[in-house]
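Build the complex from these two chains, which are given one at a time in their own frames, with help from the hints.
Residue numbers (the working numbering), protein chains in the order written: chain S, -15 to 292; chain A, 821 to 1111.
Misleading hints may appear alongside valid ones.
[Stated by the list, open to error] The following label-pair restraints were derived from C-beta to C-beta distances:
(1) A/Ser979 with S/Ser287: 51 to 61 Å
(2) S/Arg253 with A/Val878: 33 to 43 Å
(3) S/Val176 with A/Ile891: 51 to 61 Å
(4) S/Ile174 with A/Val1008: 24 to 34 Å
(5) S/Lys59 with A/Arg854: 42 to 52 Å
(6) S/Trp129 with A/Gln876: 55 to 65 Å
(7) A/Ser979 with S/Ser255: 38 to 48 Å
(8) S/Leu7 with A/Ser1045: 38 to 48 Å
(9) S/Tyr113 with A/Arg1102: 26 to 36 Å
(10) A/Phe1082 with S/Ser114: 45 to 55 Å
(11) A/Phe1101 with S/Asn11: 27 to 37 Å
(12) A/Ile891 with S/Phe246: 17 to 27 Å
(13) S/Gln282 with A/Val878: 53 to 63 Å
(14) A/Ser905 with S/Glu283: 23 to 33 Å
If you're looking for bench data, these hints aren't it; they were derived computationally from the structure.
Since we're looking at a predicted model, the values are computed, not measured.
By construction, the Cβ of each residue, glycine as well, lies at the ideal position given by its N, Cα and C atoms.
If you want the building blocks of each chain, they are given just below.
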Amino acid sequence: MTQGHRLGLILALVIAYGAPFLLNDSNLFITIDFFIMALFAVSYNLLLGRAGMLSFGHAAYYGIGAYTVAILFSKLAIPVHVGLFAAPFVAGLFALVVGWFAVRVTGMYFAMLTLAFGQLLHTIVMGWYSFTGGDDGLPVTSPDWLLPARNYYFFVLSVVIICISIIWLISKSPFGVALGAIRENRQRAIFVGLSVRNFELSAFVIAAAFSGVAGGLRAPMQQMAFPSLLHWSQSAEPILMALAGGIHTFFGPVVGAALFVFANFAITRFSDYPLLIFGFIILILVVYLPGGILGAAQEWIKSKRGGS
Amino acid sequence: MLDQILIQTLSGVSRGMVLFVVASGLTLIFGTMRIANFAHGSFFMLAAYLTYSITQFVGDKTLGLVAAIVILPILVACFGAAIESLLLRRISTRPHQYQLILTYAITLIVADGIKLIWGRSYHTVDRPAGLDGALTILDMPFPSYQLMLIVVGILIAVSLHLMLTQTRFGKTIRAAVADGEMVGVLGVNVPRLFTGIFALGAGLAGLGGALAAPVGSISLGLDSSIIIESFAVIIIGGVGSVMGALVGALLIGVVQSIGILFAPKIAIAFIFLALCVVLIFRPQGLMGRAS
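Just chain A, same shape as in the assembly (with noise of 0.2 Å):
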């Protein structure tokens, strides 16, 4: 029992990292323009579904992953600074209620595109080789790409972490966090800042896309999961912090993971009981500052 506990563990920080690059975009877009965006979870299943064509179109399965790791994070935040200079844009004085639905009326748009290009049925994606197989970890088999998010989850999230603390864009990000008004007040291009910001988001959703389109299958309903769950990691981890974010993620992984453990069919609902026991105990967040 405990080495299957010890496992599913594993097993829950593959996912959490998957879930913790597309999280850490959503915080930064929420933290800083306080839009709650909705069609993010479109962008990563966008991106899911273009790592299926991109595959098919090189024809080899290691290569077609890497072209898509490597163009569909630029791809999908050219969508998404699209998206935000050329509708969010004409609309960022009004409540926020307006820029909410906005984003979900793209979420609609993006599921039917979807359906419209790629059809109805499910598609999988090959895991490119060399990480096809399974590794023997205490007895028990584990897939090795599931190793290999780790590994790339990890470092996504060191680079992340130096971006935001080492280069001018990092730090204006960070400091549009803490006080978004000052930061225009101090001459920084606010209007550029944020389709930067909201591109860099979008892109990562894209990331988050490409490397998960190898795990499970590829199939329409791909973003309202993935976005319940980014939602719910923001909320535990705190609004605009990435280390929050990764936090909120892993345990959210871990926790679901192992709630499939006890109680397969309702395994979901532990993440939102996670989240109301952080939100009595710290509203903020994990990592978030009191207002």
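One chain only, chain S, in its complex shape (with noise of 0.2 Å):
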């Protein structure tokens, strides 16, 4: 890191945290909203941009995360903050078992497996009502002191930057370098020693993992668990954000997922047929900017320091 990325950190941690004192309630949970999505589209990153698996089931592990906290909360009682805690182990561990299955088959088939795995657990939330209350979702109430929007928002924002850290920290550790040795050529890892599916079985449960500390953190925002947060079409969402941001960059996933909330908020806003809008605006930056807004910048940024 350099001494302007450090100042710039500085900086947007300076304004995230400032930030309540100036917005309303409803734009506080846009925010609350976008830093969710950044974690789960940084946890997702991690399988993607680092070890070049496309998952395409990973809201499964977003959505039993926020199960596992309304879950413990309505049967057993245990407060959300405390049932946070158990999101990540509860998605790891189902991750672990999906994961085993899924990493025995790579590119395009590891992305079918995923969905369907993914499918298979949303069929069940939807059909299981005694204990996942089916299609009607299971409420789910803060404790007292994190009901006012501000006192939330803090809370999430420590927790997203807490995960992102750890994230950054697996992604720049010996262990992430391998992954992205694999991502670079699988057979070259392979032949070098590197036990291949132990890492990407790792790696989809670490992703999980952070995915369920994202739905952790969704389901006392929205006061509920929703099945559709398991659905598939949730799990396009971190990769649409991972690629419009830039795979390749750490951040880049945070940059999509500020793109994706704020602009779904603005399109919502004036129009029926929001999907049509973001299907053009996909298209677009798969077709037009494949690097990413941020690998984008880096590229520009780049070019201008060589020209200069």
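Take a look at the structure:
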């Protein structure tokens, strides 16, 4: 990290922690939404950007995180901030089982298999009325100290910063470097003796665990855990965010999450057909901006420096 | 109980036949171009809605459906060819996730486009004269249209098989499934071949949509249910194998129909169970070749 990066990071933190004193409640909620999606996208990008694994069923672990908090609250009366600690472990456990099968295949096969497993989990949550509440969802109530929007904002922001920092450390660790080697050349990684499947399985579980935290933060915000949190259309969101922001940059998914959450808020205000507009935005991004927004920005800065 | 299971099996075969028509297109695209084409479900849904409009426009339910079954495969094939040559080809050298996301963007556009044109309410298409009743099999009524679907499905399977084994285009497709690079080296115009395959696949999805329109109701969400099932079919059957798609589709159709008999709420879970079993014992799919 350079001096400039550090300054930028400190500035971002000051703005993030100062914002609640300037924003109204409705804007606070959208910003909380953004933080949660940022964590979801960054954790997901450990798979897509770092390890080159395209999972299309990641919403399952996000949803399981939400249901962990909701079920612990409604069945055992465990408060949400305590239940949140269980979310990554439960999500990770499910990912361990699914991943054990899924890492046996690669590429598009892996994408379709994770998609199928994700839908399986979605079906179970939908169908198991007595335990999950089926499509009625499961209500969640925050304790009094978390109810005010501003308090919840600080809570979510802090949890998200801690989690993203851990993901940062993981992706810069030897483990993260090994994942990059697998992405670049799987065959070579096998030849130099990396147990590729174990690395991929670990990445899958870690990414799922942090997605579980994101889901666990989502449930108290909406005061509900819904089956749609596990649905495959939800799985597309972190992929789109990561690709839009730039999968080969660490903070790209954060930029992508900001774009999607705030643009979605703006578009749904004036259009009944937001997906139509979103579809075209994605189409243009994919065709013309393959490196994502942050990736393109880095290229541009590099070319400027190189030119002068 | 036993005759109930037999009837459900027959109904599952009928369901599986529609699924086969759609999934066979998907497996050809996936097997040659290595694109997990999400838009395939949208092609199917679009064709189902267009079938509704065509039958409304023609006025006669038999003639209308026949017109839809003739026109829509061609129309949807053209739509597919346009998407392939205008969009997918531009990013053909990039990692596959970009192509997948591109086709996903198309599903969003088509879904909201359909909502814009046809509205949120569901539509139904009448069954054609002579096929709107039910036959009695094992003392139980069975819709004759669904019986016709089984016959049509077999015909399509046979013609697809003949096309793949007897025509030059078909042989080139099979060669591209086996070794895509080699086909290019041997002088085949690969971009044109891919456009052709994508159009063929889209056309099959369109045909499936037209055939399925009179069964059940036409509603938003049709795209995601068929695409998930089709993905399951081609994993079970083996990527690139049309016969595998037939086996996989029939398996899924029957498993699901019998599942409805025992556990209606989670019938769809049986698909994934079948998928897991196949993947444990035969990861390359039932008819797929181990790589």
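The hints, checked one at a time:
{"no.": "1", "hint": "A/Ser979 with S/Ser287: 51 to 61 Å", "verdict": "holds, 55 Å"}
{"no.": "2", "hint": "S/Arg253 with A/Val878: 33 to 43 Å", "verdict": "holds, 41 Å"}
{"no.": "3", "hint": "S/Val176 with A/Ile891: 51 to 61 Å", "verdict": "holds, 57 Å"}
{"no.": "4", "hint": "S/Ile174 with A/Val1008: 24 to 34 Å", "verdict": "holds, 32 Å"}
{"no.": "5", "hint": "S/Lys59 with A/Arg854: 42 to 52 Å", "verdict": "holds, 45 Å"}
{"no.": "6", "hint": "S/Trp129 with A/Gln876: 55 to 65 Å", "verdict": "holds, 59 Å"}
{"no.": "7", "hint": "A/Ser979 with S/Ser255: 38 to 48 Å", "verdict": "holds, 44 Å"}
{"no.": "8", "hint": "S/Leu7 with A/Ser1045: 38 to 48 Å", "verdict": "holds, 40 Å"}
{"no.": "9", "hint": "S/Tyr113 with A/Arg1102: 26 to 36 Å", "verdict": "holds, 35 Å"}
{"no.": "10", "hint": "A/Phe1082 with S/Ser114: 45 to 55 Å", "verdict": "violated, 18 Å"}
{"no.": "11", "hint": "A/Phe1101 with S/Asn11: 27 to 37 Å", "verdict": "violated, 54 Å"}
{"no.": "12", "hint": "A/Ile891 with S/Phe246: 17 to 27 Å", "verdict": "violated, 43 Å"}
{"no.": "13", "hint": "S/Gln282 with A/Val878: 53 to 63 Å", "verdict": "holds, 57 Å"}
{"no.": "14", "hint": "A/Ser905 with S/Glu283: 23 to 33 Å", "verdict": "holds, 28 Å"}
The structure fails hints 10, 11 and 12 (numbered hints given earlier, in ascending order).
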